[in-house]
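Residue numbers (UniProt numbering), protein chains in the order written: chain D, 1 to 281; chain B, 1 to 281.
The hints are simulated quantities; they were obtained by calculation from the structure and are not laboratory data. It should be emphasised that the depicted structure is a prediction, and the values quoted were computed from it without experimental measurement. Take the hints with a grain of salt, since some may be wrong.
To be verified - Here are some chain D residues pointing at chain B (derived, C-beta under 10 Å):
# : residue
1 : P111
2 : D120
3 : Y254
4 : Y258
As the list claims (entries may be wrong) - Partner residues aside, some chain B positions facing chain D, computed with beta carbon under 7 Å:
# : residue
5 : F10
6 : L14
7 : N15
8 : P89
9 : D93
Don't be surprised by glycine CBs; every beta carbon is placed ideally from N, CA and C.
Here is how the chains run, residue by residue.
2 protein chains.
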Amino acid sequence: MKQIESIKEFGGWLNRYQHESTSCQCTMTFSVYLPPKAATEKVPAVYWLSGLTCTDDNVRTKAGAQRYAAELGLALIMPDTSPRGDDIPDVPDRYDLGKGAGFYVNATQAPWSTHYHMYDYVVSELPALIEANLPVLPGVKSITGHSMGGHGALICALKESGAYRSASAFAPISHPSISPWGEGCFGTYLGDDRQAWHTYDATELVKAGCDLIPLLIDQGTDDEFLAEQLYPQDLQAAYAARGGDLTLRMQDGYDHSYHFIASFIGDHLAYHAKALGGDHQ
Amino acid sequence: MKQIESIKEFGGWLNRYQHESTSCQCTMTFSVYLPPKAATEKVPAVYWLSGLTCTDDNVRTKAGAQRYAAELGLALIMPDTSPRGDDIPDVPDRYDLGKGAGFYVNATQAPWSTHYHMYDYVVSELPALIEANLPVLPGVKSITGHSMGGHGALICALKESGAYRSASAFAPISHPSISPWGEGCFGTYLGDDRQAWHTYDATELVKAGCDLIPLLIDQGTDDEFLAEQLYPQDLQAAYAARGGDLTLRMQDGYDHSYHFIASFIGDHLAYHAKALGGDHQ
Numbered sequence: 001m002k003q004i005e006s007i008k009e010f011g012g013w014l015n016r017y018q019h020e021s022t023s024c025q026c027t028m029t030f031s032v033y034l035p036p037k038a039a040t041e042k043v044p045a046v047y048w049l050s051g052l053t054c055t056d057d058n059v060r061t062k063a064g065a066q067r068y069a070a071e072l073g074l075a076l077i078m079p080d081t082s083p084r085g086d087d088i089p090d091v092p093d094r095y096d097l098g099k100g101a102g103f104y105v106n107a108t109q110a111p112w113s114t115h116y117h118m119y120d121y122v123v124s125e126l127p128a129l130i131e132a133n134l135p136v137l138p139g140v141k142s143i144t145g146h147s148m149g150g151h152g153a154l155i156c157a158l159k160e161s162g163a164y165r166s167a168s169a170f171a172p173i174s175h176p177s178i179s180p181w182g183e184g185c186f187g188t189y190l191g192d193d194r195q196a197w198h199t200y201d202a203t204e205l206v207k208a209g210c211d212l213i214p215l216l217i218d219q220g221t222d223d224e225f226l227a228e229q230l231y232p233q234d235l236q237a238a239y240a241a242r243g244g245d246l247t248l249r250m251q252d253g254y255d256h257s258y259h260f261i262a263s264f265i266g267d268h269l270a271y272h273a274k275a276l277g278g279d280h281q
Numbered sequence: 001m002k003q004i005e006s007i008k009e010f011g012g013w014l015n016r017y018q019h020e021s022t023s024c025q026c027t028m029t030f031s032v033y034l035p036p037k038a039a040t041e042k043v044p045a046v047y048w049l050s051g052l053t054c055t056d057d058n059v060r061t062k063a064g065a066q067r068y069a070a071e072l073g074l075a076l077i078m079p080d081t082s083p084r085g086d087d088i089p090d091v092p093d094r095y096d097l098g099k100g101a102g103f104y105v106n107a108t109q110a111p112w113s114t115h116y117h118m119y120d121y122v123v124s125e126l127p128a129l130i131e132a133n134l135p136v137l138p139g140v141k142s143i144t145g146h147s148m149g150g151h152g153a154l155i156c157a158l159k160e161s162g163a164y165r166s167a168s169a170f171a172p173i174s175h176p177s178i179s180p181w182g183e184g185c186f187g188t189y190l191g192d193d194r195q196a197w198h199t200y201d202a203t204e205l206v207k208a209g210c211d212l213i214p215l216l217i218d219q220g221t222d223d224e225f226l227a228e229q230l231y232p233q234d235l236q237a238a239y240a241a242r243g244g245d246l247t248l249r250m251q252d253g254y255d256h257s258y259h260f261i262a263s264f265i266g267d268h269l270a271y272h273a274k275a276l277g278g279d280h281q
């Protein structure tokens, strides 16, 4: 991997890297914030998965997360949301399909199946790359994200039992098999078989009996996508039916924007820091 | 004035307004962050002046200032950087002249002199409008800004003696009469007479004997514009020659970006909160 940018922030470094991805068969870009503590020792990592239309840049610019990461001694890992490049299949007039909308699945349908392997990228390739090259503690990681990336964080944590010390989400697409965004992407990337969709759907994974990890979810009550796209109550019900530990905080008056994320990212990073603390404090 | 947007953040409200400006003879847009405290009482205000190419949106999205403003009980007032609209003179191929580059002066040269009155707008029209319509304490205000907006904050505080309780700046254009950015705008908006330029130049105002206000300035040592455009050492020398109180913090390794601003905006808002506290605490 090649470092292409480095910006000092809160005493640490906000770096950007590029590498040739074997999962996605293209050049991928990601950002990492290394807190001041990482100058002298390895630190735990929190993976942030972004939402539709985003690159690695949105969260690093808008969320205000680096302040908390600096204070808590956490690395932030911020991948892109899809494969990129001129050769990558896309639907240019759709913001919710193709580039910027990888939906954190491994596509099985042509022409998407060659490059759209964001699930493998996020759970395997990227952590291996980062743990081999940066001062992060191998295997000591948590995951969170927003909207489509909240969905991504949930399914990564639910499918990879034990891989993440903690998981949380902001306004996640919690039941994508029944949301228009999810149906659009799953139908395109995974085909018509809804059983295949369910293997990437947090609510359906829980219903099917996956291992449960405690979850912290924040959701704005004035989120314009809440009623049609997000369905956190479905995931909440699925957890409740199995006696799982899910904290769904309905945040009065908040919307779907990064202003909502900024307001609560400190809570989430503190939550992850607590879970990540055992091995190194 | 008309409210055109309202987003909940950190328990307060990030609002956007439009109004017909008498100073600029056009429709102007600005943003205000009202902290939770403003729901029940009037609060002090900190004006933020943005840099070249910015609108009111950059700082509200990128600086992370709202968290601190919420904690400190400060309103943030975030104006645009120039008049706007199809009828406004501009130089479309220049980012550093015309729209987005008002330089916080009252232009005297045609065709700029009809609309480019950002100085009057910032020191008079906007505070009067805000104090008449929003829950801020009349006359209890401070000012800060970045780059061109740091220049703006400095000249507003130095020219309007007593109007601001405190003033600070991030990487300000501290001696615009000798910087390429300043020369380009001053020559265009104010004409060839350098004495006119000096009335909007912080270093020259101090040399000419203006009232001094204590200043806090942060400047990154790796700022790509430091050597050619900013000249904080000139302002520092002018203050020192008169025994003025100027704290210039050279921040090792920081650049000119909002990541630099985010790293130190908390210090600046705490500095202003202390100065603004006398009347209401």
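To see whether the hints hold, each was checked on the structure:
no. : hint : result
1   : P111 : 35 Å, violated
2   : D120 : 31 Å, violated
3   : Y254 : 5 Å, holds
4   : Y258 : 7 Å, holds
5   : F10  : 5 Å, holds
6   : L14  : 6 Å, holds
7   : N15  : 11 Å, violated
8   : P89  : 31 Å, violated
9   : D93  : 26 Å, violated
In the structure shown, a violation is registered for the earlier hints numbered 1, 2, 7, 8 and 9, in ascending order.
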